[in-house]
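Enquirer: For reference, the chains in residue letters:
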Amino acid sequence: LIAATMPSAESSHADDPDAKLMQRLQQGDEQAFDEIVRHWQQPLINYLCRSLRSYQHAEDVAQMVFIRLYKAAPNYTPSARFSTYLFQIARHLLINAYRQEQRKPLDTVDPGELQAITDDSSDRRVREIEEVFAQALHKLPENQRTAILLLKQQELSYLEIAAIMDCTEGAVKTWIFRARQFLKQELKDLV
Amino acid sequence: MQESPMHRIPQPPTAPLDVQIDVLLAAPGPPVRPDFAARTRARLDALSGQDLVDLEIDALLRQRVAPVQPWFLARIRSQLRTQGQPADGILVRFPALLWGGVAAAAALLLATAWFALERPAPAGFADQVAARVELVEVHPGAPEPPVLGDSLAHESAIFLEILTLASNLRGTGVSTIAPMPESLAPFLQ
Numbered sequence: 001l002i003a004a005t006m007p008s009a010e011s012s013h014a015d016d017p018d019a020k021l022m023q024r025l026q027q028g029d030e031q032a033f034d035e036i037v038r039h040w041q042q043p044l045i046n047y048l049c050r051s052l053r054s055y056q057h058a059e060d061v062a063q064m065v066f067i068r069l070y071k072a073a074p075n076y077t078p079s080a081r082f083s084t085y086l087f088q089i090a091r092h093l094l095i096n097a098y099r100q101e102q103r104k105p106l107d108t109v110d111p112g113e114l115q116a117i118t119d120d121s122s123d124r125r126v127r128e129i130e131e132v133f134a135q136a137l138h139k140l141p142e143n144q145r146t147a148i149l150l151l152k153q154q155e156l157s158y159l160e161i162a163a164i165m166d167c168t169e170g171a172v173k174t175w176i177f178r179a180r181q182f183l184k185q186e187l188k189d190l191v
Numbered sequence: 192m193q194e195s196p197m198h199r200i201p202q203p204p205t206a207p208l209d210v211q212i213d214v215l216l217a218a219p220g221p222p223v224r225p226d227f228a229a230r231t232r233a234r235l236d237a238l239s240g241q242d243l244v245d246l247e248i249d250a251l252l253r254q255r256v257a258p259v260q261p262w263f264l265a266r267i268r269s270q271l272r273t274q275g276q277p278a279d280g281i282l283v284r285f286p287a288l289l290w291g292g293v294a295a296a297a298a299l300l301l302a303t304a305w306f307a308l309e310r311p312a313p314a315g316f317a318d319q320v321a322a323r324v325e326l327v328e329v330h331p332g333a334p335e336p337p338v339l340g341d342s343l344a345h346e347s348a349i350f351l352e353i354l355t356l357a358s359n360l361r362g363t364g365v366s367t368i369a370p371m372p373e374s375l376a377p378f379l380q
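Chains A and B, in that order, are what the protein sequence lines are. Quick note on my numbering: the first sequence kicks off at 1 and runs consecutively. Quick note on my numbering: the second sequence kicks off at 192 and runs consecutively.
Worth double-checking, as some hints may not be accurate.
Distance windows between CB atoms, simulated [what the hints assert, rightly or not]: (1) Q181/A with A229/B: 23 to 33 Å; (2) P222/B with Q31/A: 38 to 48 Å; (3) K173/A with D226/B: 36 to 46 Å; (4) R125/A with D236/B: 26 to 36 Å; (5) L190/A with P222/B: 19 to 29 Å; (6) A237/B with F177/A: 38 to 48 Å; (7) Q181/A with A237/B: 41 to 51 Å; (8) D226/B with E169/A: 15 to 25 Å; (9) N75/A with P222/B: 42 to 52 Å; (10) L238/B with T174/A: 36 to 46 Å; (11) G28/A with D226/B: 16 to 26 Å.
Partial selection, computed: residues in chain A whose CB lies under 8 Å from chain B [claimed, not checked]: (12) Q63; (13) I67; (14) L140; (15) M165; (16) C167; (17) R178; (18) F182; (19) K184; (20) L187.
If you are wondering where the hints come from, they were derived from the structure by calculation, not from laboratory data. These numbers come from a predicted model, not from an experiment. No residue lacks a Cβ here, since even glycine has one placed at the ideal position from N, Cα and C.
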């Protein structure tokens, strides 16, 4: 159904290895789903971790992304790159997760993660920069954060990001410019 | 123990700020646990039939109305679980801003469902659903129309449509478009 909303370019993406896996899944090859999960779990969790600042939460959302993907398989057509399709699902779930997070009285940082951070004191300065960066990233509006992460972390094109975020390439560039300006402002005294 | 992403990426100490930011953005997250794929599969296998319908509804609505407020779907699910097939017990109120999307969702879902069933959509049918959606619009802060107030029938009619369509698309559950409740007739042209 996501694919149904995208520009028709089926032939140009049919050779995408992940699209082929989805087609195998459509034909009932359950192993194809496991291959998709193994291939995309790390990029997806990287993206979600940066966005949610909690490994546990990121993992939970990532599982739901894959489950959604599984459910969407019967309607899948390779009308865009698979990564566009996947991250569009991820972004929808992420927005929902933000809303749920806003209702919680306390932050959802996993205590295990805090322990991991405090245990390793080999480079406090790097930790400090990293923490300030993570906080600054979290302060960004969702569209700016998503756009810059998809560009720099996932190495997607402006066109792909625009498709994921259902906006123009111009809007994506503006968001990324603003995000970068904000991050530079937040980090200028540390780096 | 999780490793700091920055510890895995060498950074020039005097690199320009833009470069430093790019490095931080590209830094990998914590390694995925080895059993992640197996747990994802187990979670998928553990989903009940109702969960799968919920997922389908979520997916359909998010495509057309996205992003959807969590309460929007939670309430429908709750009613579904307690009442089974929705009859006339669903009460959902929408912010006006959401409404255009809902109308579009109903129309698109309808067209999609008919397409999926390989039947021609009756002329004007999608418009009719959209008209029903508009009928129960509730503007934030505005006094509720007394007829619509807490009456459940009108809102449920719309979601009966959507849920029916969602079921159709999955090939399970209801296989026909639900008839319009007679109680709505006086409000339609």
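Enquirer: Taking the Cβ atom of D226/B and the Cβ atom of E169/A, is their distance within the range 15 to 25 Å?
Expert: violated (39 Å)
Enquirer: So the hint says 41 to 51 Å: do the beta-carbon atoms of Q181/A and A237/B match that?
Expert: holds (45 Å)
Enquirer: For the restraint on F182/A, tell me whether the closest CB of chain B is nearer than 8 Å.
Expert: Since the shortest Cβ distance to chain B is 10 Å, the answer is violated.
Enquirer: Against chain B, with CB atoms and a cut of 8 Å, does the hint on K184/A hold up?
Expert: Holds - the Cβ of K184/A comes within 8 Å of chain B, reaching about 5 Å at its closest.
Enquirer: So does A237/B sit 38 to 48 Å from F177/A, Cβ to Cβ?
Expert: Holds: the Cβ-Cβ distance is about 44 Å, inside 38 to 48 Å.
Enquirer: Taking 16 to 26 Å as the hint, is the beta-carbon distance of G28/A and D226/B inside that range?
Expert: Given range 16 to 26 Å: holds, Cβ gap about 25 Å.
Enquirer: Okay, Q181/A versus A229/B on CB: inside 23 to 33 Å?
Expert: This hint is violated: roughly 43 Å between Cβ atoms.
Enquirer: Is 36 to 46 Å a correct range for the gap between the Cβ atoms of L238/B and T174/A?
Expert: holds (40 Å)
Enquirer: Given M165/A as an interface hint, is its Cβ closer than 8 Å to any Cβ of chain B?
Expert: Violated: closest Cβ of chain B sits about 11 Å from M165/A, beyond 8 Å.
Enquirer: Under 8 Å, Cβ to Cβ, is where Q63/A needs to be relative to chain B, so tell me if that hint holds or is violated.
Expert: holds (5 Å)
Enquirer: Is the gap between the beta carbons of L190/A and P222/B within 19 to 29 Å?
Expert: Check passed, 26 Å falls within 19 to 29 Å.
Enquirer: Go ahead and decide if the range 36 to 46 Å is satisfied by the Cβ distance of K173/A to D226/B.
Expert: holds (40 Å)
In this structure, the hints that do not hold are numbers 1, 2, 4, 8, 9, 14, 15, 16, 17, 18, in rising order.
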